[in-house]
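Listed below are the residues making up each chain.
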Amino acid sequence: MKTLVFLEHHEGKLQKDALGVLGKAVSLGGEVEAVLLGEGVEGLATEAGKHGASRVYVADDVLLAAPLPQPRVDALESLVNDGGHDTVLFAATVLSADIAAGLAARLDAGLNWDLTDLVEADGRLVGKRPALGDSVYVDVGWTSEPRLALIRSGTFEATETGGTAEVEKIEPRLQDFSLAARMVEQAHEESEGPSIEDADMIVAGGRGLGGPENFALVEELAKALGGAVAATRAVVDAGWYPYAAQVGQTGKTVSPKLYVAVGISGAIQHKVGMQSSGLIVAINKDPNAPIFEYADLGVVGDLHEIVPQLTELVRARKAA
Amino acid sequence: MKIAVCAKYVPEATAQRRLDPQTKRLDRSGEGTLNQFDIHAVEEALRLKEAYGDGEVVIVSLGPERALEALRKALAMGADRVVLVSDEGAAGSDLVATSRVLAAALEREGADLVLFGQQANDSDGAVLWAAVADRLQRPLISQVAELSHEDEKVLGKRQTEFGYDVIEAPLPAVVAVSDAINEPRYPSLKGIMGAKKKPQETVSLGDLGVGAGAAGEAGSRTEVNALSEPPARGETMKIEDDGSAAEKIVQFLQEKKVL
Numbered sequence: 169m170k171t172l173v174f175l176e177h178h179e180g181k182l183q184k185d186a187l188g189v190l191g192k193a194v195s196l197g198g199e200v201e202a203v204l205l206g207e208g209v210e211g212l213a214t215e216a217g218k219h220g221a222s223r224v225y226v227a228d229d230v231l232l233a234a235p236l237p238q239p240r241v242d243a244l245e246s247l248v249n250d251g252g253h254d255t256v257l258f259a260a261t262v263l264s265a266d267i268a269a270g271l272a273a274r275l276d277a278g279l280n281w282d283l284t285d286l287v288e289a290d291g292r293l294v295g296k297r298p299a300l301g302d303s304v305y306v307d308v309g310w311t312s313e314p315r316l317a318l319i320r321s322g323t324f325e326a327t328e329t330g331g332t333a334e335v336e337k338i339e340p341r342l343q344d345f346s347l348a349a350r351m352v353e354q355a356h357e358e359s360e361g362p363s364i365e366d367a368d369m370i371v372a373g374g375r376g377l378g379g380p381e382n383f384a385l386v387e388e389l390a391k392a393l394g395g396a397v398a399a400t401r402a403v404v405d406a407g408w409y410p411y412a413a414q415v416g417q418t419g420k421t422v423s424p425k426l427y428v429a430v431g432i433s434g435a436i437q438h439k440v441g442m443q444s445s446g447l448i449v450a451i452n453k454d455p456n457a458p459i460f461e462y463a464d465l466g467v468v469g470d471l472h473e474i475v476p477q478l479t480e481l482v483r484a485r486k487a488a
Numbered sequence: 003m004k005i006a007v008c009a010k011y012v013p014e015a016t017a018q019r020r021l022d023p024q025t026k027r028l029d030r031s032g033e034g035t036l037n038q039f040d041i042h043a044v045e046e047a048l049r050l051k052e053a054y055g056d057g058e059v060v061i062v063s064l065g066p067e068r069a070l071e072a073l074r075k076a077l078a079m080g081a082d083r084v085v086l087v088s089d090e091g092a093a094g095s096d097l098v099a100t101s102r103v104l105a106a107a108l109e110r111e112g113a114d115l116v117l118f119g120q121q122a123n124d125s126d127g128a129v130l131w132a133a134v135a136d137r138l139q140r141p142l143i144s145q146v147a148e149l150s151h152e153d154e155k156v157l158g159k160r161q162t163e164f165g166y167d168v169i170e171a172p173l174p175a176v177v178a179v180s181d182a183i184n185e186p187r188y189p190s191l192k193g194i195m196g197a198k199k200k201p202q203e204t205v206s207l208g209d210l211g212v213g214a215g216a217a218g219e220a221g222s223r224t225e226v227n228a229l230s231e232p233p234a235r236g237e238t239m240k241i242e243d244d245g246s247a248a249e250k251i252v253q254f255l256q257e258k259k260v261l
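From first to last, the protein sequence lines are chains A and B.
Per my numbering, the very first residue in the first sequence carries number 169; after that it's consecutive.
Per my numbering, the very first residue in the second sequence carries number 3; after that it's consecutive.
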């Protein structure tokens with residue numbers, strides 16, 4: 169097996185999930201290499217070596233400065249074709265999913281996504297993918313090489329093994345159409361107040377609230393519990409609540425003692441950000457909402473009735 | 003401005019979904035519908051066309067014959083016509099095969115803009131647009147929550163793990179929209195009545211020049227080998243609110259010693 173791991177980085181740091189995937193690749197055995205694409209990223213190769221990469225390919229190019237997928241597909245195409253990697257692994261992010269799918273088309277290679285494990289069975293690589301709201305697990309495979317895989321975020325923990333990687337510079341040729349899209353602006357909001365990542369109690373609101381004004385219900389309950397307020401991607405994207413409070417795949421991963429989900433259907437993108445919470449209580453009017461499949465206590469009902477009552481009872485209890 | 007919207011026919015969300023133990027594929031024998039996420043893409047296409055004052059919105063889909071009825075919802079909303087690629091030889095297509103077939107259908111349309119919804123609600127796939135954009139050799143913007151168009155360019159604002167990006171792409175381009183981008187309209191009665199009369203074309207792989215070995219299982223590079231139970235999780239409890247739900251939650255929290 170010769171594996172290539174795509175290492176995503178942000179503001180001079182390697183992504184933890186990508187290092188986790190690198191560690192997994194090392195544990196599967198064979199030759200494990202990694203690739204860093206960007207501008208001024210060579211310094212990150214040392215850390216990749218500590219996490220088990222024997223060689224790190226580095227492309228330092230101003231055209232790779234913005235985190236856009238298409239030029240990265242060009243770079244990986246030639247790297248995989250020249251390097252003969254039989255497996256290419258990505259930690260799933262907004263960026264890497266687009267890169268992996270573009271590369272699959274380019275190389276006519278199989279891509280399996282949302283994997284929560286990779287194992288070797290009878291000399292073949294098998295991916296484990298939860299399906300239908302995680303109600304069933306599917307063993308997926310590849311019928312040709314290279315095999316491409318996107319690993320669900322938060323799946324493998326990064327561990328240092330203390331190695332040193334050989335650095336090899338590459339100069340990828342980028343295609344015109346790959347450079348046609350242009351990053352105009354990147355707005356990275358800083359969070360205000362206590363971080364939801366540190367909170368013991370979280371009350372989260374979703375689209376079921378009906379409108380931004382109803383976030384007051386969530387805030388009141390959070391205040392009564394002495395906790396923080398979180399939100400789903402849908403309501404953040406809709407502008408109801410700031411991005412800093414977002415929990416889920418493209419937001420924060422939290423593990424409070426108590427997570428109260430209010431008007432949240434519980435799509436997989438949300439679940440991955442909160443499933444390790446101690447206790448999950450969900451209030452939703454839709455009895456078929458996926459969140460009821462993993463909430464410790466699910467309440468089917470009208471949040472406008474239940475949440476204010478709950479806030480009152482919690483206040484009374486705390487005052488007692 | 004010509005806009006193509008890629009839409010998928012998926013099982014009804016309310017239907018009990020199951021994987022066929024034989025084929026290990028999703029059982030698609032029940033009622034089907036237009037993928038909810040794609041309806042946002044249809045809505046965005048209609049808004050762009052309306053703002054531009056002229057143009058055409060074409061729905062492009064790969065699916066069984068009976069998908070036509072579900073795709074008519076897009077026509078009822080205001081889309082102009084449907085092109086459905088329907089072919090036994092395309093059944094079981096994975097990402098590489100599906101993207102090849104769709105790209106061939108889109109090449110034939112030559113739209114200025116190709117729109118996708120955020121994900122398929124049956125397979126949870128959220129990658130197809132990038133494979134299609136690569137095959138069409140067009141610029142791509144994904145996860146777009148705000149889209150604008152001017153001077154032969156589109157500007158998309160999208161969310162990533164780190165905040166927001168604003169990305170610009172010249173037309174022709176491929177854009178995948180998030181479900182936060184708009185509130186889709188409901189089809190009017192007139193729209194529903196008129197939908198049946200709009201052009202609905204069914205094409206085969208042969209019509210698109212896609213060879214038999216390039217689609218379906220033969221054209222795919224991934225396989226599903228086995229199904230298994232998910233790892234056990236703790237007990238879950240579900241109650242209906244009868245007016246005492248708040249009290250029951252408090253009791254539960256006290257039992258679990260978090261309150």
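A hint or two may mislead.
To be verified - Derived pair list, reagent style DSSO-like, types lysine-lysine, alpha-carbon separation capped at 30 Å:
(1) Lys259(B) to Lys192(B)
(2) Lys259(B) to Lys453(A)
(3) Lys425(A) to Lys51(B)
(4) Lys184(A) to Lys218(A)
(5) Lys425(A) to Lys486(A)
(6) Lys250(B) to Lys391(A)
(7) Lys259(B) to Lys486(A)
(8) Lys420(A) to Lys240(B)
(9) Lys425(A) to Lys155(B)
The hints are simulated quantities; they were obtained by calculation from the structure and are not laboratory data.
Under the constraints set out in the numbered hints, which ones does this structure not fulfil? Failing hints, ascending: 1, 3 and 9.
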